[in-house]
Amino acid sequence: MTRILAVARRRLLHSIPVVAIVVLGVFALLEAAPGDAVDAYLVIGGGDAEMIQRLRQEWGLDRSFLARLGAYLTALAHLDLGWSVAFARPVSAVLFERLPNTLMMMAAAICFSFSAGTLLGIAAGARPGSLRDRILSLVSLGLYAMPSFWLGLMLLVGFAVKLAWFPLGGIESVGMGKTGLARALDIARHLVLPVLSLGLIYLALYLRLMRTGMIEAWRSDYIRTARAKGLTPRRIAFRHAARNALLPVVTMLGLQAGALLSGSVVVESVFAIPGMGRLAFEAVTQRDVPLLLGVFLISTLMVILANLFVDLLYARLDPRVAAEG
Amino acid sequence: MKLGSSRRGFLAGSLGVGGAAAVSRFGWAQGAARQGGTLVVAADSEPRNLNPAIIASNGVFYVASKVIEPLAEQSYDGDGLAPRLATAWSGAADGKSVRFTLRQGVTWHDGKPFTSADVAFSALDVWRKLQNLGRVVFKDLEAVETPDASTAIFRFAKPTPAQLIQNALPSLTAVLPKHLYEGTDINANPANTRLVGTGPFRFVEHRPGQFYRLERNAAYWDAGKPHLDAIVYRVLPDPGAVAAAIEANEIQLAAFSAVPLADLARIGKVPGVVVVTKGYEGITYQLTVEINHRRKELADMRVRRAIAHAIDRKFVIDTIFLGYAKPAAGPVPAFDTRFYTPDVATPGFSTRDAERLLDEAGYRRGGDGMRFRLRLLPAPFFEQTRQFGDYLRQALRAVGIDAEVVRNDTPGHLKAVYTDHNFDLAVGSPVYRNDPAISTTILYQSGLPAGVPFANQYGYADAEVDALIAKAAATIDGAERARVYRDFQKRVGEQQPIIHVAEFSFISVARDRLRNVANNPRWTTSNWADTWLAS
Numbered sequence: 234m235t236r237i238l239a240v241a242r243r244r245l246l247h248s249i250p251v252v253a254i255v256v257l258g259v260f261a262l263l264e265a266a267p268g269d270a271v272d273a274y275l276v277i278g279g280g281d282a283e284m285i286q287r288l289r290q291e292w293g294l295d296r297s298f299l300a301r302l303g304a305y306l307t308a309l310a311h312l313d314l315g316w317s318v319a320f321a322r323p324v325s326a327v328l329f330e331r332l333p334n335t336l337m338m339m340a341a342a343i344c345f346s347f348s349a350g351t352l353l354g355i356a357a358g359a360r361p362g363s364l365r366d367r368i369l370s371l372v373s374l375g376l377y378a379m380p381s382f383w384l385g386l387m388l389l390v391g392f393a394v395k396l397a398w399f400p401l402g403g404i405e406s407v408g409m410g411k412t413g414l415a416r417a418l419d420i421a422r423h424l425v426l427p428v429l430s431l432g433l434i435y436l437a438l439y440l441r442l443m444r445t446g447m448i449e450a451w452r453s454d455y456i457r458t459a460r461a462k463g464l465t466p467r468r469i470a471f472r473h474a475a476r477n478a479l480l481p482v483v484t485m486l487g488l489q490a491g492a493l494l495s496g497s498v499v500v501e502s503v504f505a506i507p508g509m510g511r512l513a514f515e516a517v518t519q520r521d522v523p524l525l526l527g528v529f530l531i532s533t534l535m536v537i538l539a540n541l542f543v544d545l546l547y548a549r550l551d552p553r554v555a556a557e558g
Numbered sequence: 002m003k004l005g006s007s008r009r010g011f012l013a014g015s016l017g018v019g020g021a022a023a024v025s026r027f028g029w030a031q032g033a034a035r036q037g038g039t040l041v042v043a044a045d046s047e048p049r050n051l052n053p054a055i056i057a058s059n060g061v062f063y064v065a066s067k068v069i070e071p072l073a074e075q076s077y078d079g080d081g082l083a084p085r086l087a088t089a090w091s092g093a094a095d096g097k098s099v100r101f102t103l104r105q106g107v108t109w110h111d112g113k114p115f116t117s118a119d120v121a122f123s124a125l126d127v128w129r130k131l132q133n134l135g136r137v138v139f140k141d142l143e144a145v146e147t148p149d150a151s152t153a154i155f156r157f158a159k160p161t162p163a164q165l166i167q168n169a170l171p172s173l174t175a176v177l178p179k180h181l182y183e184g185t186d187i188n189a190n191p192a193n194t195r196l197v198g199t200g201p202f203r204f205v206e207h208r209p210g211q212f213y214r215l216e217r218n219a220a221y222w223d224a225g226k227p228h229l230d231a232i233v234y235r236v237l238p239d240p241g242a243v244a245a246a247i248e249a250n251e252i253q254l255a256a257f258s259a260v261p262l263a264d265l266a267r268i269g270k271v272p273g274v275v276v277v278t279k280g281y282e283g284i285t286y287q288l289t290v291e292i293n294h295r296r297k298e299l300a301d302m303r304v305r306r307a308i309a310h311a312i313d314r315k316f317v318i319d320t321i322f323l324g325y326a327k328p329a330a331g332p333v334p335a336f337d338t339r340f341y342t343p344d345v346a347t348p349g350f351s352t353r354d355a356e357r358l359l360d361e362a363g364y365r366r367g368g369d370g371m372r373f374r375l376r377l378l379p380a381p382f383f384e385q386t387r388q389f390g391d392y393l394r395q396a397l398r399a400v401g402i403d404a405e406v407v408r409n410d411t412p413g414h415l416k417a418v419y420t421d422h423n424f425d426l427a428v429g430s431p432v433y434r435n436d437p438a439i440s441t442t443i444l445y446q447s448g449l450p451a452g453v454p455f456a457n458q459y460g461y462a463d464a465e466v467d468a469l470i471a472k473a474a475a476t477i478d479g480a481e482r483a484r485v486y487r488d489f490q491k492r493v494g495e496q497q498p499i500i501h502v503a504e505f506s507f508i509s510v511a512r513d514r515l516r517n518v519a520n521n522p523r524w525t526t527s528n529w530a531d532t533w534l535a536s
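Those protein sequence lines, which keep their order, are chains A and B. For what it's worth, the numbering used here labels the leading residue of the first sequence as 234, then goes sequentially. For what it's worth, the numbering used here labels the leading residue of the second sequence as 2, then goes sequentially.
Heads up, some of the hints might be wrong.
[What the hints assert, rightly or not] The calculated SDA-like cross-link candidates involving lysine to any residue, where the alpha carbons are at most 20 Å apart (straight line), are:
{"id": "1", "chain 1": "B", "residue 1": "K270", "chain 2": "A", "residue 2": "V394"}
{"id": "2", "chain 1": "B", "residue 1": "K297", "chain 2": "B", "residue 2": "Y364"}
{"id": "3", "chain 1": "B", "residue 1": "K179", "chain 2": "B", "residue 2": "V233"}
{"id": "4", "chain 1": "B", "residue 1": "K130", "chain 2": "A", "residue 2": "L288"}
{"id": "5", "chain 1": "B", "residue 1": "K270", "chain 2": "B", "residue 2": "R492"}
{"id": "6", "chain 1": "B", "residue 1": "K491", "chain 2": "B", "residue 2": "K270"}
{"id": "7", "chain 1": "A", "residue 1": "K411", "chain 2": "B", "residue 2": "E206"}
{"id": "8", "chain 1": "B", "residue 1": "K130", "chain 2": "A", "residue 2": "D281"}
{"id": "9", "chain 1": "B", "residue 1": "K140", "chain 2": "B", "residue 2": "D126"}
{"id": "10", "chain 1": "B", "residue 1": "K226", "chain 2": "B", "residue 2": "A83"}
{"id": "11", "chain 1": "A", "residue 1": "K411", "chain 2": "B", "residue 2": "P343"}
{"id": "12", "chain 1": "A", "residue 1": "K411", "chain 2": "B", "residue 2": "R208"}
{"id": "13", "chain 1": "A", "residue 1": "K411", "chain 2": "B", "residue 2": "T39"}
{"id": "14", "chain 1": "A", "residue 1": "K411", "chain 2": "B", "residue 2": "R214"}
{"id": "15", "chain 1": "B", "residue 1": "K130", "chain 2": "A", "residue 2": "A282"}
{"id": "16", "chain 1": "A", "residue 1": "K395", "chain 2": "B", "residue 2": "N250"}
{"id": "17", "chain 1": "A", "residue 1": "K411", "chain 2": "B", "residue 2": "E216"}
{"id": "18", "chain 1": "B", "residue 1": "K226", "chain 2": "A", "residue 2": "V394"}
{"id": "19", "chain 1": "A", "residue 1": "K395", "chain 2": "B", "residue 2": "G273"}
{"id": "20", "chain 1": "A", "residue 1": "K395", "chain 2": "B", "residue 2": "G241"}
{"id": "21", "chain 1": "A", "residue 1": "K395", "chain 2": "B", "residue 2": "G269"}
{"id": "22", "chain 1": "B", "residue 1": "K226", "chain 2": "B", "residue 2": "A535"}
{"id": "23", "chain 1": "A", "residue 1": "K395", "chain 2": "B", "residue 2": "P272"}
{"id": "24", "chain 1": "B", "residue 1": "K491", "chain 2": "B", "residue 2": "R514"}
{"id": "25", "chain 1": "B", "residue 1": "K140", "chain 2": "A", "residue 2": "V394"}
{"id": "26", "chain 1": "B", "residue 1": "K130", "chain 2": "B", "residue 2": "I443"}
{"id": "27", "chain 1": "B", "residue 1": "K472", "chain 2": "B", "residue 2": "T342"}
{"id": "28", "chain 1": "A", "residue 1": "K395", "chain 2": "B", "residue 2": "V271"}
{"id": "29", "chain 1": "B", "residue 1": "K140", "chain 2": "A", "residue 2": "A282"}
{"id": "30", "chain 1": "B", "residue 1": "K130", "chain 2": "A", "residue 2": "M284"}
{"id": "31", "chain 1": "B", "residue 1": "K97", "chain 2": "B", "residue 2": "I154"}
{"id": "32", "chain 1": "B", "residue 1": "K159", "chain 2": "B", "residue 2": "S98"}
{"id": "33", "chain 1": "B", "residue 1": "K140", "chain 2": "A", "residue 2": "R287"}
{"id": "34", "chain 1": "B", "residue 1": "K179", "chain 2": "B", "residue 2": "T108"}
{"id": "35", "chain 1": "B", "residue 1": "K130", "chain 2": "A", "residue 2": "V394"}
{"id": "36", "chain 1": "A", "residue 1": "K411", "chain 2": "B", "residue 2": "A231"}
[As the list claims (entries may be wrong)] FRET-style restraints, in silico, Cβ to Cβ:
{"id": "37", "chain 1": "A", "residue 1": "L336", "chain 2": "B", "residue 2": "A144", "range": "53 to 59 Å"}
{"id": "38", "chain 1": "A", "residue 1": "L312", "chain 2": "B", "residue 2": "R35", "range": "53 to 59 Å"}
{"id": "39", "chain 1": "B", "residue 1": "D467", "chain 2": "A", "residue 2": "A282", "range": "16 to 22 Å"}
{"id": "40", "chain 1": "B", "residue 1": "G106", "chain 2": "A", "residue 2": "S406", "range": "34 to 40 Å"}
None of these hints come from the bench; they were simulated from the model. Beta carbons: idealized from backbone N, C-alpha and C, even for Gly.
Make the full structure from the sequences, and use the hints.
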């Protein structure tokens, strides 16, 4: 237990410079982008010189880069994420409204792609070269080659427009006033298609990784030993081969947590889900620095936590890692 | 100006392809309207401030016009206006006052009575001081007298044409409840996002990223209206998803060209779906080439006319707009017959004339076949402004001008063109708002400070144009004022300080059970009191 705590503490300490780099990087990037939040705002309706000057003053955009950075960091040290000019609300309020949607969608997508991907990978890798393996390989390559927005639109046309099995978009039915279990089921129904379009591509990746790991494992000495002991092929596949093949897949899991956020920008747009991905996109187009920083800080935190979890899982799966840790 | 930076589609002027068929399928002569039903429509943007008295823009009006009403609305009939909160208006002969008779027996959604005090407050404290368009039109408004609860007399410090004020009524005169705004910071008032008005629908809920919900105002002054129980605006940012939603009957209207042009032919064939090109004439956009007159080549009128000669308007309309647009002759769209004149020397398509003018101006083709180089910045506002940028580059190459296309997103484009003036040519899409003085003369008038978008940041200064603009601003007689604006069009048609290429507006895709669609020239931004859903 103390070892796990030590790993966790070390990881969290390492993450402090990461957060600092994210803050400085986002600030500098948006500073380098042409146009500011007032320019972005003026596209609806325009305005005259006096009004534009008043807005820049109100939004603190007339101050120097360093002054704005300093003010932001001071506020951040007090755990204040600042004010979103695009939404005219506190950044934290905007973020926490959207975070649950993204978390739900991502958790479901990761669970789905990880569990289904590894199981199918075991199925494919149990007998390499078999018909089952070939079919699974072909399908997974096809899925992996598909862009997620196209897959999303195709799922939408097929299952929501033509078959009408699932709702078209949104996170829940509008104005039905559902509560409790009925609401949870409603949200789950709305999440099926977006989770599929986010998760299917990673499912293919996990399947391929798992299959390769399995094929390698079959050549190992310990498998021959297990065979010689007279274990059933099923037991060998699950207890011996799969367990070792799982390690690269777990590595991928940590990476997916980060990449999902960028994938969710398009999926959230297609399925009209108010989540963090779309929020990041809106923050950039509105040049809303505090909001974009808020999104990046939260997602950095999410990636750090996901990787911590993966590290701990590693330690559990591979005794060699634990011994070094 | 436009609905949101994510706007990818846009649409056509009057009846375009398929429009005629759509009209007959709608049948405007309606039977008895059915009461009830919830109308679900697509929305693609959620303005940070939903108050139409402060921000006069289509994205705001789309939702807010059902809740907060103007003094009058545009109409296809009569003199072009239908009364709303005002029932009559007349300007004094000296142009220094306009008298409004207001509707009686109107109440705000919170039950308080609507009176002339609300109009006076809105005009003096909001339109004149805070509104993007009102700060120009109402700049000389000095006082509003309220002799009784249903009369408001606007007094102007300088003669102001009553015609201008009348033309400003639909877009610029949303009336706010004085009792909620007086003595507060108007820009930060909570009622800017939770609207309170006199309109046919009450504002009920906004869930960010998901929907707006408006419900029927049972105490609406127009007895028996509205017909709908509720309107829900579903936020659908993806155009493909909007098309799917209307096909699946989850929404009954996709306005503002939310369905891309290329998809219209297909979706128009889906049973129960119609494509409507009417109902946007009051918000006609123009595809323009903006010119930086600080470049010495472009300061020469012959070069500007040569560029205009190089553009094949028919190709632009057929290929880029897929037929959903009309050629533009000048700064006033043909729909506005009060001001429009076709008698303008707009250069037609002729590469030979273009080359001749360029040679005359002294810019002969060099060794590489090019005369000079330009930086061309297409605005990212519409898919068509971007595509036209690519077309213009090729069209200019054909006459020996090498244009380099520079792409920016919306804030980047605004800064480059309107603040830094870091461009030679730009592609723009100004909207015409019912009177040249509201939306158009500002694009030609000289002496404006840098940083003001959608205004003359082009370095163009012509004494005659400035004089015509000033003359029209002080001309009280409507017919005489229109004549001055026709002279103005002739002058800029000859000078080509901005090249007008096409007129276009939006297209709606609707389910055919939605009735009374597009029955006024700014229908999507009007109050929908008479809109109903057939069963």
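Hint by hint, here is what the structure shows:
This hinted pair checks out: K270(B) and V394(A) have alpha carbons roughly 16 Å apart, not beyond 20 Å. Distance restraint check for K297(B) and Y364(B): the Cα-Cα separation of roughly 11 Å lies within the 20 Å cut-off, and the hinted pair is therefore satisfied. Restraint check: the Cα-Cα separation between K179(B) and V233(B) comes to about 27 Å, which exceeds 20 Å; the hinted pair is violated. Restraint check: the Cα-Cα separation between K130(B) and L288(A) comes to about 14 Å, which is no more than 20 Å; the hinted pair holds.
Pair hint K270(B) plus R492(B) does not hold up; C-alpha atoms about 45 Å apart against a cutoff of 20 Å. At most 20 Å may separate the alpha-carbon atoms for a hinted pair to count; K491(B) and K270(B) exceed this at roughly 43 Å. With a C-alpha separation of about 16 Å, the suggested pair K411(A) and E206(B) falls inside the 20 Å cut-off, and the hint holds. With a C-alpha separation of about 11 Å, the suggested pair K130(B) and D281(A) falls inside the 20 Å cut-off, and the hint holds.
Distance check on the hinted pair: K140(B) and D126(B) sit about 12 Å apart at the alpha-carbon level, within 20 Å; holds. As the CA atoms of K226(B) and A83(B) are separated by approximately 16 Å, the hinted pair is consistent with the 20 Å bound. A hinted pair counts as satisfied when its Cα atoms are at most 20 Å apart, and K411(A) with P343(B) does not qualify at roughly 59 Å. As the CA atoms of K411(A) and R208(B) are separated by approximately 15 Å, the hinted pair is consistent with the 20 Å bound.
A hinted pair counts as satisfied when its Cα atoms are at most 20 Å apart, and K411(A) with T39(B) qualifies at roughly 18 Å. In summary, the hint linking K411(A) to R214(B) is supported, as the alpha carbons are separated by about 16 Å, within the 20 Å threshold. This hinted pair checks out: K130(B) and A282(A) have alpha carbons roughly 13 Å apart, not beyond 20 Å. As the CA atoms of K395(A) and N250(B) are separated by approximately 11 Å, the hinted pair is consistent with the 20 Å bound.
Of the pairs offered as hints, the one joining K411(A) and E216(B) holds, with about 19 Å between alpha carbons and a cut-off of 20 Å not exceeded. A C-alpha spacing of about 33 Å is found between K226(B) and V394(A), which places the hinted pair above 20 Å, so the restraint is violated. Between K395(A) and G273(B) the alpha-carbon distance is near 15 Å, which keeps this suggested pair within the 20 Å criterion. For the given pair, K395(A) sits about 15 Å from G241(B) by alpha-carbon distance, which is consistent with the 20 Å threshold.
At most 20 Å may separate the alpha-carbon atoms for a hinted pair to count; K395(A) and G269(B) meet this at roughly 17 Å. With a CA separation close to 15 Å, the supplied pair K226(B) and A535(B) stays within the 20 Å bound. Taking the CA atoms of K395(A) and P272(B), the gap is near 14 Å; set against the 20 Å cutoff, the hint holds. For the given pair, K491(B) sits about 46 Å from R514(B) by alpha-carbon distance, which is inconsistent with the 20 Å threshold.
With a CA separation close to 52 Å, the supplied pair K140(B) and V394(A) exceeds the 20 Å bound. Proximity of K130(B) to I443(B) is assessed by CA-CA distance (about 18 Å); at most 20 Å being required, the pair is judged to hold. With a C-alpha separation of about 18 Å, the suggested pairing of K472(B) with T342(B) holds against the 20 Å cut-off. For the hint pairing K395(A) with V271(B), the CA-to-CA distance comes to about 12 Å; that is within 20 Å, so the pair holds.
A hinted pair counts as satisfied when its Cα atoms are at most 20 Å apart, and K140(B) with A282(A) qualifies at roughly 14 Å. Restraint check for K130(B) and M284(A): satisfied, since their Cα atoms lie roughly 9 Å apart, inside the 20 Å limit. Distance hint between K97(B) and I154(B) is fulfilled; the C-alpha atoms sit about 10 Å from each other, no more than 20 Å. Restraint check for K159(B) and S98(B): satisfied, since their Cα atoms lie roughly 10 Å apart, inside the 20 Å limit.
Restraint check: the Cα-Cα separation between K140(B) and R287(A) comes to about 18 Å, which is no more than 20 Å; the hinted pair holds. Taking the CA atoms of K179(B) and T108(B), the gap is near 13 Å; set against the 20 Å cutoff, the hint holds. Annotation: proposed proximity of K130(B) to V394(A) is violated, straight-line Cα distance about 48 Å (limit 20 Å). The suggested pairing of K411(A) with A231(B) holds, with an alpha-carbon distance near 18 Å, which does not exceed 20 Å.
About 56 Å separates the C-beta atoms of L336(A) and A144(B), a value consistent with the hinted range of 53 to 59 Å. At about 54 Å, the beta-carbon gap between L312(A) and R35(B) stays in the expected band of 53 to 59 Å. Between D467(B) and A282(A) the Cβ separation comes to about 18 Å, which falls inside the hinted range of 16 to 22 Å. Look at G106(B) against S406(A): about 38 Å separates their beta carbons, and that is inside 34 to 40 Å.
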